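Enquirer: Here are the chains, one letter per residue:
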Amino acid sequence: MSGNDGRTPSDKKWKYIGTRPIRHDGLDKVTGRAQFGADYALPGMLWGKVLRSPHAHARIRKIDVTAALALDGVKAVITGRDFPNVASEAAEGGEGAGDMADLAMNVIARDKALYHGHAVAAVAATTARIAEEACKRIAVDYEVLKPVLSLDEALAKDAPILHENARATGHEPLPKGPSNVASRREMGRGDVAKGFADADVVVEREFRTPMVHQGYIEPHAVLARTGQDGRAVVWCCTQGAFQVRAYSAKVLGVSTDMIKVIPTEIGGGFGGKTTIYGEPLAILLSRKAGRPVKLVMSREEVFRASGPTSGTHVRVKLGATRDGKLTAGEAVLVYEAGAFKGSPVTAAMMTVFAPYKLANVRIEGWDVVVNKPKVTAYRAPGAPMAALAVETVLDELAEQLGLDPIDLRLENAVHEGVQATYGPKYRAIGFVETLRAAKSHPHYKAPLGPNQGRGVACGFWFNAGMSSSANVSINEDGSAVVVTGNPDIGGSRASMALMAAEELGIPVESVRPVVADTEAIGYTDVTGGSRVTFATGMAVIEAARDVVRQLRARAAQIWSVELDAVGWEDGRAVLLAEEKNGHEPLSLAQLAAKAANTGGPIVGRAALTARGAGPGFATHLCDVEVDRETGAVKVLRYTAVQDAGKAIHPSYVEGQYQGGVAQGIGWALNEEYIFDKSGVMENAGFLDYRMPVASDLPMIDTVIVEVPNPMHPHGVRGVGETPIVPPLAAVTNAVQRAARVKLAELPISPPRLLEAIDRSA
Amino acid sequence: MKIHVHTRVNGEATEFLCTPERSLLEILRDELQLTGTKEGCATGDCGACSVMLDGRLVCACLVLAPEVEGRAIETIEGVAKGDQIHVLQKKFLEHAALQCGICTPGFIIAAKALLERNPDPSEEETRYWLAGNLCRCTGYDKIIHAVLDAAADLRGGAR
Amino acid sequence: MEETRYEAPTTIAQAARLLAEPGARALAGGTDLIVQMRTGRGEPRLFVDVKRIPELASIRLDAKSLWLGAAVPAALVVENRDVARLFPGLAEATDLIGSTQIQGRASVGGNLCNASPAADTVPALIALGAVCVIAGPQGERRVPVESFATAPGKSVLAAGELLVGFELPLPAPRSSDAYLRFIPRTEMDIAVVGAGVSVALDAGGVCTQARVALGAVAPTAILVPAAAAALVGSRGEDEALARAAAAASAAARPIDDKRGTVEYRRKVSGVLTKRAAAAAFERARGARA
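Chains as they are written, first to last, in the working numbering: chain A, 1 to 761; chain B, 1 to 159; chain C, 1 to 289.
Treat the hints as calculated values from the structure; they're not laboratory data.
This structure is a prediction, so every number in the text was calculated from the model and none was measured.
Accuracy of the hints is not assured; some may be wrong.
Cut-off 20 Å, straight-line C-alpha distance, at most; resulting in silico cross-link-like pairs (EDC-like, lysine to aspartate or glutamate) [to be verified]:
no., chain 1, residue 1, chain 2, residue 2
1, A, K15, A, E569
2, A, K439, A, D701
3, A, K439, A, D323
4, B, K81, A, D28
5, B, K2, A, D72
6, A, K742, A, D758
7, C, K258, A, D676
8, A, K425, A, E411
9, C, K51, B, E21
10, C, K258, A, E745
11, A, K325, A, E416
12, A, K445, A, E399
13, C, K258, A, E682
14, C, K51, B, E69
15, B, K2, C, E43
16, B, K81, B, E116
17, B, K2, A, E133
18, A, K325, A, E204
19, B, K81, A, D25
20, A, K742, A, E399
21, A, K634, B, E123
22, A, K634, C, D189
23, A, K325, A, E399
24, A, K194, A, E204
25, C, K154, C, E43
26, B, K2, C, E7
27, A, K634, A, E755
28, A, K677, C, D256
29, A, K136, C, E43
30, C, K51, B, D54
31, C, K258, A, D688
32, A, K634, B, E124
33, A, K136, B, E21
34, C, K258, A, E300
35, A, K634, C, E187
Taking beta-carbon pairs under 8 Å as the criterion, some of the chain C residues facing chain A (in silico) [unchecked claim]:
no., residue
36, F182
37, P184
38, R185
39, T186
40, E187
Every residue, glycine too, gets a C-beta built ideally from N, C-alpha and C.
Use the sequences and the hints to build the structure in full.
Expert: Have a look at this one:
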């Protein structure tokens, strides 16, 4: 399964991996030719529009669509009644907890609208304007209910209940009867009480963080066409074509062979496009109308009705001895799931103390429903908020103990052989290396001026393996095509080409990477979980090695020798034995030209469930300057150090570090969902949902540490998610030091910071 | 009642029919099939729909279709000249200044407008000029490097 | 469904006649109007595109004033040498509007007519003593810019009336202006507070006249005579600036909204007034007669 050829990755000298070729899809992207989700059109296409609930919490008594159907140009109208009931079962393959019944109810409401923006009906018409007008003519009879808009409200006695029939699951004590607690879990080891008793210093901090959005610039878009036989073809921007197929099939009550999903280029996902929203709606509309249907979310709909991440209330307590050894850790993590159960609190529980050696830990996690959009994965789901609490506690411990913040972490950093707080023993990992690299970086010694402060914070993400398929085929001219099923959100197809080129020994320009649809490649899990370079890369390597074996066999046949006598070097078959017998090496191109006569086309394949994903650790440094009169924060300097195992394409690894940092800075300083009293998001646009713009950020320095993952042939670790884990704490620690305040809530918007400054003065 | 609009797009005489409330962005994408210009927000806050209108950098989502009568529009499709890509396009590729690529057309149009007006912008000037172009993938670092490198190239007479 | 119309008149008279029709809205840059349309605040029945009317599209230096046409895009205002030289505060206020793309379209006239309390150019215009020239069925009338907006989204314009442009009185010798705004990011945000200050100094550097205006802290932008009074007679020393700041904070009547709280806006009103006044003094000292 994992194609380790016995050599440790660090021994090898790489020819192609580690270089920085121009990505294969690059020219199309810089010239505007690349086709993203909304860039497709078909003859006879209709425009879809969704009618959404104006209430955050309401029973749907009746929906009357007759006036909408009567409007000239309207070709189909659907409501929840048009969809089958879906049984409860785990939704596999995405990036987080989920239940198919909940997913189906999120796609279109049944008896209840559970958040402002919840889809209630959908229309297909000949123009977008007509479809909009038709939505206005759908009459919905709502019984408006009181909404639950915060964790406190959800957990209060006599709180309105979202799901009357649901009961809390997990570890006792659990509320009995109907509640908004979806689950409560505990994990731990050792003796926490004794651990704290043994500590010389104990610090406890509590934070509230808001609901925030992944902020991808491309709204969700789908074009669906249903054929006469009922089979649908779907073009959509997604992180996982196979998930779209599987989930849509369940929601529609059809078998997966009735849906073909073609993933388009995707304008960002960050986890938010690992599930489905409009796809089943577009499919059903196209079936009913007998014409293709295009359904694109507006920006406002993306905010109101896709999948942001949880607002949270997190509390962390750590005890340490005078010389900085951690003795015990306790965490209580309460996460919003949105309208349906399934926040990333479990991942948060597993990651919260993962970077540190702790014999005594107790971790409690609550998954709580509220009348807000159902949360979906957002880059290292659950981890940034937990790290915020741990890393600020560590900073405070360092200050109280008079220790350097990096030294405190070095004292307690996990390394190979340590048993993680979430269970397994770490193999070779690079956490210590990132701490050391940060400590010796010039940034760490740079002087600070008045009202300036420096924050240190670390982060961890497990990274996933999961399943991937890959084909590598050799063209008649000796070039290669690498086919995988992972939509490329960050430049991964270049890495696939690099890994294949390395194995085949041909230039990366001769390798064409292709992202295939669900009928052209075997099952493949999402682009997410920082798994593509690792797991799909592994599959590509295995498929390429399969090709190499076949090429060696062809050479053996041509030379009339045993397979064992043939080696593969630098893209050529060579005789390994001393006497070459006049057999010159045969290049891949030469063998390809003879393929038809030596046994037929040369195609390698692999399908695997990857094991041994290497955890990724990071240490970040952030300098800020605070304006004490206005509470404005300026980020002066940022350095992100992270272990990549092996950077296949270093530019795109750096890009992942920088992108995660930027999102984390936005989350720390300015981003938040602001709801009014009735549960309507007040800032559902890029004007008032404030993501960092180019003038808000400095250059983001990156350091790629490489401690190879022994479980991957090239030593790869996933890199995509770890970068967003430290910045919330790095920024918070920096601001706290710069302004000499203690903060308890994100975002650190100017009014909040000014209030903290004035209070402490 | 539809309006018949005559305009020039990327140097070519172009015409279309439209109702007045439609935006230039909708016309470019849905009527003229020039889908290189993207919609990120439709309210002028993200810059993904950046185009040049009579030599001015604007958001196409905030121009009504009938307004372009007799005017000249330049979109991303007009930046490369046949096989010759613009220095900015080359530098974006070399610097890996794109990850998902959805914001890239808007950035290239905006950066080109900057360099045509100011051939030697500082980092700060470049960041402020491009503040109307949102990118969620890159953190802007490599984009700024690409633009400054392209500026240096153009000043050095490389292209 | 209603049919929308679009007209592009070339004279003020034509525009005024069209604007008298029910559901007619003037279209300059569209950066407020089109956004409002797309975010559900209704669609005009008739777009009256005023950009082809020469008076609205021009900037002209006259003997006693600078004429700024209502429909001139912000980018052209910022690039105009006379504006930059004579009214640096107005130039910087205009340069703060939105993004480069927005400035390619948005006009100062539109900024005022939209009547958002947070409009960036309005406090700067007020500080300069700008006068609005309005044309309509009754002919032409003039209104000081601080009286133009009457409430959020509402102005003194009657049906059939059109804002033609602004007369900016040429600055007295040794006078200058400055505008600062506070936003949470570095760009792209609506002002949480805006402060425009103009001062005129005598030969000894003592302030003889001042105007202080605040934006985003009341239903319309407001003149703060008490803050101006604190500056008159001073040389812009810290103590005078502090008194001006206190007067500004006291005059602010802000609301709590998603962009800032009452208390925060009051505080920052003072801070920005102090800083803008300091900048205005600095420029006035350097300004030639």
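Enquirer: Given the hinted pair K742 (chain A) and E399 (chain A), is their alpha-carbon gap at most 20 Å?
Expert: holds (13 Å)
Enquirer: Is the straight-line distance between the alpha-carbon of K2 (chain B) and that of E43 (chain C) 20 Å or less?
Expert: holds (17 Å)
Enquirer: Quick one, are K634 (chain A) and E187 (chain C) close enough, alpha carbons at most 20 Å?
Expert: Distance ~13 Å between K634 (chain A) and E187 (chain C) Cα, so the pair holds.
Enquirer: Should the hint that E187 (chain C) touches chain A count as held when the rule is a Cβ pair under 8 Å?
Expert: holds (5 Å)
Enquirer: Take a quick look at whether K81 (chain B) and D28 (chain A) sit within 20 Å of each other, Cα to Cα.
Expert: Measuring from Cα to Cα gives roughly 14 Å; hence the hint holds.
Enquirer: Need the status of pair K81 (chain B), D25 (chain A): alpha-carbon distance at most 20 Å?
Expert: holds (19 Å)
Enquirer: For the pair supplied as a hint, K154 (chain C) and E43 (chain C), confirm whether the alpha-carbon distance does not exceed 20 Å.
Expert: holds (17 Å)
Enquirer: May I ask you to test the interface hint for R185 (chain C) with respect to chain A, counting a Cβ-Cβ separation under 8 Å as satisfied?
Expert: At 5 Å from the nearest chain A Cβ, R185 (chain C) passes the 8 Å test, so the hint holds.
Enquirer: Can you confirm whether the C-alpha distance between K2 (chain B) and E7 (chain C) stays at or below 20 Å?
Expert: The given pair, whose Cα atoms are some 13 Å apart, holds under the 20 Å limit.
Enquirer: Quickly compare the C-alpha distance for K51 (chain C) and D54 (chain B) to 20 Å and report which way the hint goes.
Expert: Roughly 14 Å between the alpha carbons, so the hint for K51 (chain C) and D54 (chain B) holds.
Enquirer: Take the C-alpha atoms of K81 (chain B) and E116 (chain B), compute the straight-line distance between them, and say whether it is at most 20 Å.
Expert: The given pair, whose Cα atoms are some 17 Å apart, holds under the 20 Å limit.
Enquirer: Has the given pair, K634 (chain A) with E124 (chain B), been kept, meaning a C-alpha gap of at most 20 Å?
Expert: holds (14 Å)
Figure legend: structure checked against the earlier numbered hints; every hint is met.
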